[in-house]
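Okay, here's what each chain looks like letter by letter:
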Amino acid sequence: MTTTVDKRQAAPTAPTRNSRIGRPHAVWALPAVLFFTFFAVVPMGLAFYLSFTEWDGLGDPRPVGFANWQKLLDDPRLTQSLSLTVVLTVASWAFQTVVALLLGVWAAGRQRNRAVLSAIFFVPFLLSSTAIAILFYALLDPNFGIIQKDTLGSQSGAFLAIVFVGGWQFIPFHTLIYQGGARQIPEVLYQAAAIDGAGRYRQFFSITLPQLRHTITTSTVLMVVGSLTYFETVLILTKGGPGTDTAILPYLMYEAGFKTYDFGYASAIASFLVLAATGLSLVLVRLTGFGTMRSTREGM
Amino acid sequence: MESNRGRTFSRRWVLGAGAASLLTTGLTACGGSGGGASGDGKTITAFVYGDDAVKVQKAGVARFNKSAAAKKAGGTVKLTEVPGSDYSPKLRTAMGSPSAPDVFFNWGGGSIKAYEEADKLVDLTDIIEGDPVLKNGFLPSVLAAGDLGGRHYGIPMRGMQPVILFYNKSVFAEHKLQPPTTWDQLLDINAKLKKAKITPFALGGSDVWPNLMWLEYLVDRLGGPEVFKRIQDGDAEGWGDPAVLKAAELVKELIDDGAFGSKFTSVSYVNGGAPAVFARGKAAMHLMGSWEYSTQLGKFPDFAKSNLGWAAFPTVEGGTGDVRNVVGNPTNYWSINARTKNKDLAIGFLKECASEAYAKDLIDNGDVPTTSNAANLLSSSPNPEYAKFQYDMVQQAPAFTLSWDQALGDALGTKMHTEIGKLFAGQASPSEFVAACKGLK
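Protein chains in written order, with the UniProt record's numbering: chain A, 1 to 300; chain B, 1 to 441.
If you are wondering where the hints come from, they were derived from the structure by calculation, not from laboratory data.
Accuracy of the hints is not assured; some may be wrong.
[Stated by the list, open to error] Using 25 Å as the maximum straight-line C-alpha spacing, the simulated SDA-like pairs for lysine to any residue come out as follows:
(1) B:K120 x A:R62
(2) B:K90 x A:P61
(3) B:K252 x B:E432
(4) B:K113 x A:G59
Starting from the given sequences, assemble the full structure and let the hints guide the process.
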């Protein structure tokens, strides 16, 4: 804590150094901007363009106006996919937030065992989603796995498996965010609360949670946008099945693109996902007051 | 300060250089022609479905590259193995890009229709007619099975793949059973097996295409090959044929009766789940393509050698289809990309697949080649009895219906898979299945 204060006080005394190095310049952002343009903006624009065409991957795309978007609105599978996606997002958010928040706050302590355990907890995040999905697919094999039940053969089982596997992979990442957030909470707050006689639970609900407000928003936006584009695990664990029980939107997009080769329609689904994800994260940020950048330290 | 400035400069330089080099490599990877090997104009690439059987193609390529024919055409063939489940999307993406293969594996018929319509295929009809090696090298019916509109676009390059009813001989012996020849016998066997707490049939239901085999045979036995022919020719009303509904109802009865056990929707064939259930005696029978033999030989060799039995799909009472009819894949084909850099080389390579040495390699792998000399080679198969059964089965079949998904092509085939998945998962009734299929476009 004291070090932070020191830096702030020191900052105004160093203008000479800053001026010699030069102020942050637009050129510095060039590599990132170029990368973002080439690998995100351009493909997104192309996908949006393709959503107004008919293209089977061979030959040239043929403009068809709003036909794909019309088809999207009329597709009964879209309604199903959309509700599946919402359920998956909400369930994943609830599971991951609760576990990651508790783990993160716990890991924010400074004892040695916590550092070691936190490092171990982080391991799943380092594995690729595909490797994780293949691992769990083997573990869930109804005849030879560790749980010899028809887990992936029923909608509830398949959904729980997807939520659990996703959580197993991403909870470590969010734990890290919460750990960082919890460590930023000034110690004096807890000291003051202790003097006033607040117990651990009271401290958690009255200090830790409110102080982590922005962290929760950040983590939530990442989770929600992540869940909207959740794909590999579904492809490997269930292929959208049983039947169409776990065919969430990104899977529907994959199927339209790379199984039926209807790239125009797949692009319409992709564009819809981009719009939905952007809209949703804007709403989240606004609702939580994150956008106003109000400090959690007001009055301190 | 001086060092500070130096560091800033060098970091900027490093970042810039890094970005530039990454961009360059990225762009090369996008725009190049699949690595330097094919850039010299003398190497052509061949995409092949990468499974256990690919060793036959590897040997064929190696033999061809050393041959006089390759020298004459001035080049060599480079084989690219594509993992099975990714084959179709990878091929489609590559064919629309500058790194397209010159020669590629396919299933004939509907599986190459989109490429034919986009003028991406070499019409091989005249080439085959004008070349005795190709013209007389293959069984005419198999050559024709991969046709589009009466024109040849492919050369057979793998074994025959009829769908066969496999059974576990020791389980059958233990419960004093005989492989069923009629549907009633099949139901009777099911009842006995279930009493003994053995699942009658292994089924890789999460892949869906194994489910399809049941419908293909039942529709054929009930209504003959004409029922699906009508659908294949583009008449979606053909799904309304009573044989389709009846087949779906029989399947539904089997599912409800527990013929596939209670967990089949989460069992896969591709990862070895269903073959293991079958080989370990947890299930007594397995309706599968002829490749089940080589799959079992690879995973459970003892079972494959001593306990694997095979039989034709039974007749169904009241059905009009011939019991000798077969469904499955006649074989796989090589087709040539119309934009190949060296057509002579590609054609030379296709001729290699008509050679005795290539057919011999197929036989050694447990496959039955579709070459006209196949009958003479059967005795040298690792399992001559099985090879002979397969050969006779295909040879004597009045009709060989290509797997529906391959016949319909990717777009329609995938949508049909979805409906079949729903039927087997209990999300659609037989009549809902029929109605949904009629609406497929």
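Hint-by-hint comparison with the structure:
1. B:K120 x A:R62: 18 Å, holds
2. B:K90 x A:P61: 19 Å, holds
3. B:K252 x B:E432: 12 Å, holds
4. B:K113 x A:G59: 14 Å, holds
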